[in-house]
Amino acid sequence: MDKMPKWADVVLIPLISLMLAAILSALVILGIGEDPIAAVKLMVSGALGSTYGWGYTLYYATNFLFTGLAVSVAFHARMFNIGGEGQAMLGGLGVALVCLYIPWPHWSLALIFASLGAAVFGAAWAAIPAYLQAKRGSHIVITTIMFNFIAAAVLNYVLVNLLRPEGSMDPATARFAETVHLPSLHELLAPLGIEFSKAAPANVSFVVAIAACVAVWLLIWRTKLGYEIRAYGNSEHGALYAGISPVKITMIAMLISGGLAGMMATNNVMGEAERLVLNSTEGAGFIGIAVALMGRSHPFGVFLAAILFGFLYQGGAELALWTSIPRELIVVIQALVILFTGALDNMVRGPLERIFLAIRREKA
Amino acid sequence: MDFLTLIQVLDSTVRLATPLLLACLAGLFSERAGVFDIGLEGKMLMAAFFSAAVAATTGNVWLGLLAGIASSLVLSGLHGIASITFRGNQLISGVAINFLAAGMTVLIAQDWFQQGGRTPSLFSGGRFEPLNLPFSDSVADVPILGPIYSELLSGHSVLVYLAFLAVPATAWVLFGTRFGLRLRAVGENPAAVDTAGVSVVGLRYAAVMICGLLCGIAGAYLATALQAGFVKDMTAGRGFIALAALIFAKWRPWHALGACLLFGLLQAVALRFQNIEIGSFVIPVQMMDALPYILTVVILAGFVGKAIPPKAGGEPYVKER
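Quick note, the sequences are listed as chains A and B, same order. Take the first sequence: its position 333, counted from the start at 1, is 333 in our numbering, and no numbers get skipped. Take the second sequence: its position 293, counted from the start at 1, is 293 in our numbering, and no numbers get skipped.
Incorrect hints may have been included.
If you anchor each label on the Cβ, the simulated ranges turn out as follows [what the hints assert, rightly or not]:
#1 B/Pro168 / A/Ala320: 43 to 53 angstroms
#2 B/Gly77 / A/Thr323: 27 to 37 angstroms
#3 A/Ala320 / B/Pro143: 54 to 64 angstroms
#4 B/Lys250 / A/Asn234: 28 to 38 angstroms
#5 B/Leu6 / A/Arg175: 37 to 47 angstroms
#6 B/Val173 / A/Pro5: 43 to 53 angstroms
Subject to a maximum C-alpha distance of 20 angstroms in a straight line, what follows is the list of computed SDA-like cross-link-like pairs (lysine to any residue) [stated by the list, open to error]:
#7 B/Lys311 / A/Glu236
#8 A/Lys135 / B/Ser121
#9 B/Lys311 / A/Ala134
#10 B/Lys232 / B/Ser121
These are calculated hints, taken from the structure and not from any lab test. Cβ atoms here follow ideal geometry from the backbone N, Cα and C, with glycine treated the same way.
With these hints in hand, go ahead and build the complete structure from the sequences.
Here is the structure:
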């Protein structure tokens, strides 16, 4: 067997892919006549050089943690959930309904039920493609793409016709009540004597996201259900032989995936905007794909990748502010990461395997 | 609804169906050869930008068309390398291509024109002008048939006629030539084609490149005929509607024409009427927007006929070792 050591598979390949993406991105920056080294410096200082920068980096990272975990849980069952965007949009609707129509005495209670609402709505939106895949054999990738567009239309309709406060022109809900305001990192850290920027939107959802990471790790590697999901993902026939129901695993994995994607809304809708607006997800559902691929679908990897993309997002915003490099640079970097870690995996793996094989032969 | 309105709606149906049709046929070639392509959107977008950019710079719309096709072919080549040569995941590659196009177009547009990620508006010479069919002015006053001929059939850009001609051409290539037979076989059973001594890789690359060519024309049509210039994300999900139409048509050329005209009609109606009142019941415009996607999900679920994709679709071909 021409197998590589596990560390090479888990660490080396993503790192090389990431470097290739970085080199190409640098060439792109050079191509549009800017200095890549200065750009990186600006990104680092803008995203990590102050608690303000960190506040935004962690805020974006929270979004990507949820969507990245969502995509990776589906990946474990060998399903490609492109519907994170739609599921997160519907999750936002769940959060908005919970926050608007129930008078909560305290934010902590509100957060628990808003998370539940978000997860239920997100899971419900993932349930239909999951059911169609499990029972009717429709391709989950295509149906989840279609459901992203349908979600956008549904949300547009709900915001324009149903939830818009009277007399208001923009398609958005009313502001949530003051009692459901989630404490920001500034408010959380101040009692500990740590000064953190007041302006940045990072909030308690970040802690929830880390808890979700741990929960997903426990689920996938420490429970029977997680074992079944991984077994099904590795070999459908083997799983079937072992008495694992494909319908059950498909449904459960997608429900968890949709629920996690939906829970993103506690961060962006409840924690930041404090009302539901159109396009509140801002593409985070899609970035979840890159995050899950880079993190090799492992919660810790997803955590690192989410922080990296949070850095890219905030750094990219700083770049757009101070140079003539548009924000879309991040989209290009994201595309390159997806391309190299997801689609061109064998291009990196092939030569590496040959190198390791050569080393092993020499030793033998 | 009076007759003239009907003609106008059908006229914009034809305009809106054209890019869908070109992209749908593009996907047809690729998927019939066993390469799934959800990057149609990205290729169209890239082509839309480069056609508009070159047309704006040179003032020659034909050069723009060529540039658009070339840029789409580059992305097709990338998809081919990832999914054929390196046997990567075709779906992930398609997703990457969509993002690459969305980012690169704005990045290059901003660097090139400094207009916030758009190209300057195109004027005559930089655009495909409407083509007036012979006698269209003189018969315009003939009742019923006159408007149909002069409004609906005449007065489209050359790319519209090209797109409609591409339907019989595709049907002929796929079902009337040896190349088409082999191309379809590669999507159903690549091992058999390989055994017959025909290159699976070569055929798949050919299919992916035809896909790039057609997506390039579709993108150029968007930016230089339907609209006058490129704006950020101007494909607006058309690549995915084309994909939906392809499933709706069950991977058949003439049915693709029907599906694209239907989805074009939905877009035209949504564009013109916003909310439609039927008695006391109101169909919201969002419903019209979502209808192509909903219909596709229903078709995929097999509630109205079963859509069965080419058998080897999505699977990289590995020779037995």
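Do the hints match the structure? See the list:
1. B/Pro168 / A/Ala320: 43 to 53 angstroms: Because 48 angstroms falls inside the window, the suggested range holds.
2. B/Gly77 / A/Thr323: 27 to 37 angstroms: holds, 31 angstroms
3. A/Ala320 / B/Pro143: 54 to 64 angstroms: holds, 58 angstroms
4. B/Lys250 / A/Asn234: 28 to 38 angstroms: holds, 32 angstroms
5. B/Leu6 / A/Arg175: 37 to 47 angstroms: Given range 37 to 47 angstroms: holds, Cβ gap about 46 angstroms.
6. B/Val173 / A/Pro5: 43 to 53 angstroms: For A/Pro5 against B/Val173, whose Cβ atoms are near 49 angstroms apart, the range 43 to 53 angstroms holds.
7. B/Lys311 / A/Glu236: The hint holds at about 18 angstroms.
8. A/Lys135 / B/Ser121: violated, 50 angstroms
9. B/Lys311 / A/Ala134: holds, 19 angstroms
10. B/Lys232 / B/Ser121: With Cα atoms ~13 angstroms apart, B/Lys232 and B/Ser121 stay inside 20 angstroms; holds.
Comparing the model with each earlier hint shows a violation of hint 8 alone; every other hint is respected.
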